[in-house]
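Participant: Construct the entire structure; sequences and hints are all you get.
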Amino acid sequence: MRCSESVGVLAKAARVALGLVFLLVAGVASAHKASDSYLQIAAAPGRLEVRWDIALRDLDVALDLDSDADDKLTWGEVRAAWPRIETYAMQRLTIEGCPLTATGRGLERRNDGAYAVLQLASSCTLPATPRITYGLFAEVDPTHRGIAKVQRPGQAMVLSVLEPTAARPGAAAAVSGAGVGAETAANGAALPGRGASRWEFFGEGVRHIVTGYDHVLFLLCLLLPSVLRRTPVARQPVARLSQAVWPVAGIVTAFTVAHSITLGLAALKIVSLTPAFIEPAIAVTIVLAALDNVVPFFPVRRVVVAFFFGLIHGFGFASVLAELNLPRADFVWALLQFNLGIEAGQLVIVAVVTTVLFALRRWPAYARVVIGGGSTVAIVIGTLWFIERTANVSILPF
Amino acid sequence: MAGVPATLSIAPMRPSPALTGALLAGLLVLAGATTAAKAAPITPTRDDEVIEVLPATSASRNEDRQLRKRLAERPDDAALAAAVAQRYLEQARESGDPRFAGLALAALRAWPDPARAPSDVLFLRATLEQYLHEFDASVAHLRILLARPGSVRNAQAWLTLATVLRVQGRYAESDAACGDVGRAGADIYSRACLAENAALRGETAAARRSFQALLADARLAPSTRSWLLTSLAELEERDGRAAAADAAFRAALRLDSDTYTAIAYADFLIAQKRPAEALAVLKDEPRTDTVLLRLAIAGQKANAASRERDVAEMRDRIALANERPEARIFHGREQAMFALAIEGDAAHALELARGDVARQREPLDLLVLAQAARASGSRDAIEEARQLKATLGLHDRRIDALL
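Chains as they are written, first to last, in this note's numbering: chain A, 598 to 995; chain B, 348 to 750.
Take the hints with a grain of salt, since some may be wrong.
Stated by the list, open to error - Derived lysine-lysine pairs resembling DSSO-like cross-links, with alpha carbons at most 30 Å apart:
no. : chain 1 : residue 1 : chain 2 : residue 2
1   : B       : K416      : A       : K669
2   : B       : K620      : B       : K648
3   : B       : K630      : A       : K669
4   : B       : K630      : B       : K648
5   : B       : K620      : B       : K630
Keep in mind the hints are simulated off the structure, nothing from the lab.
Facilitator: Right, dumping it as structure tokens:
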């Protein structure tokens, strides 16, 4: 590399001329790359695992691992320093919504030296665009980077380069698609100004219901039979749209009221349930609602079912809300927006679905194909979700 | 620390239990296979087992730590910060290890605003940026520094500016800075600086005379003489006079064997189809990326026993460095040379060489671009290289032969 080394020659000569001190050192270094740490982040629903490899020689600069200063790091020195390594590193990494705990440790040889391996985990679901605050070695080496590989089940690995930012509130690197997003002041920080992002949590609510396939599937299951009336002998198509709309309105209202209650309770931290329970329970609600379409067994009216199951879905919304890190100052306002967003998204889905179902209602095979077939599909998907969420595996691509 | 097992096992990241084992194992194998860089678990068995040898420091490790500690207590002590940064910069240069440049920058972090940074601090920052190939930033910071009253006498800063501008292929601006080196009182350096630019532009005879006149001064320090001889050797090499270049390189290395000259001579020897001699020249140099690259290329051409190890190590280093995407830009020249000489991948080499000349335009950068263009057979690329050479006004018969 002439440009750097030529400067070495030139500067060396210049130093001689200009009377600067010249220190000659026999370099025996083997590493010639910049300082990087490696984060492998594996995200499954309700579970996050992070494997973090950090070079021992970088840690030595920050923590003086080489306690006898003989330029050699022994296993004894590293072992003794391990709690300090963990504390130092973990204070400098936060993944929003995912409090990390250390679960394992190890050592790894890479071709630029030995690395400490920290294994960390959290029982959380990694948000779609997780905000990772990375501050490792910010005060030691501003050219250091964290190379993060985020792997979600069934998806392509996403690589991002994390630039260390000195620990200060609100500084976070957004991990997204192709790389590191611009540093963002926390979403919430922009909200009190009530500027362009005044309705930002409304959008989050809409996005969550529209892309929250489990909630949509549950609603669908409840709606499938709504364009038929139960008569003593068989199910008959309703005559007028209004005959379908009222039961649908009842179901949707019950679902909405219920999930608003639990969403509010959870968001205000009055009640809290672990996602490990809620996520599989949501899958169960889908299976039960679909089963009831095929073989009616609910002892109560579907409005009541919608209400009770809506309570469970509300906790599901709340866990998303927690990841959004709502601003404290405008908490109620943000919560209201988020809920209104969910309701608006839900209304659009319901309107479209009801219209389609209403148009199909006189088809002779409606009960068999649409209700029977649709419910069977829902039962299968719900069951697979249940397995995924209890066993931490990934089967479905969504 | 009772909880630590005597033997560490480094399992790959493993989401939980038995139920899901098989499926996950499959996924993990796939994930593992995509990890470019080689890594292997270490399982120490005894406390006194050495896991890592830390790079030597210029002084003792304790002294090094004390300096860091003092700086941590007084981070805005400009003299102390500059001294620490200077030490790390020396180490980066001596070892070719860019981590030291990062440590040096950290020592200067109390002055994020260049307009308010003390002159020593600003100069070091610009020098570190140059080392890290951030040439535009380096030039900008040097210009801020040199606009300050009193900087007229700062010969070293002018010399650095002239060098960075030359690396960027801005010969006319470099000339102006070379002139300022002289006005700052460093006449020898000013004349050598101007001769270097003249040689690049093809004013070969005049440049040769300048170097020879400077070398006639018997009072020159050996390192200065060596530097002038290296510049002369490169001039002869570009002008196609192999015997004269060879003699000048040898004379330079006899006086002061520095890594830069050894690499330049090795490149010359490889081009002259004397790879075994290139290996001999490099054998005592620290195995920096730039040295290892030449060892791999020369070893391959000489069919040396060391070639497999060197090629594999270089390939691993590139893979590891490229986990940080910007490395492809930072090491574009070396990676292009490797792609061309070792991997035989002309298209990839051309892509890398194009990226490289966007920021760095020394003769070797253009030579690699021309070689990649020729090897890929792309008329557009050949034309592009010819255009760039014409724009810079570079004289180099090695490149002419390719275009």
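Participant: Now tell me, hint by hint, if it's right for this structure.
Facilitator: Okay, the hints, checked on the actual structure:
no., hint, verdict
1, B:K416 with A:K669, "holds, 20 Å"
2, B:K620 with B:K648, "holds, 8 Å"
3, B:K630 with A:K669, "holds, 25 Å"
4, B:K630 with B:K648, "holds, 16 Å"
5, B:K620 with B:K630, "holds, 18 Å"
Every hint from the earlier list agrees with this structure, and none is contradicted.
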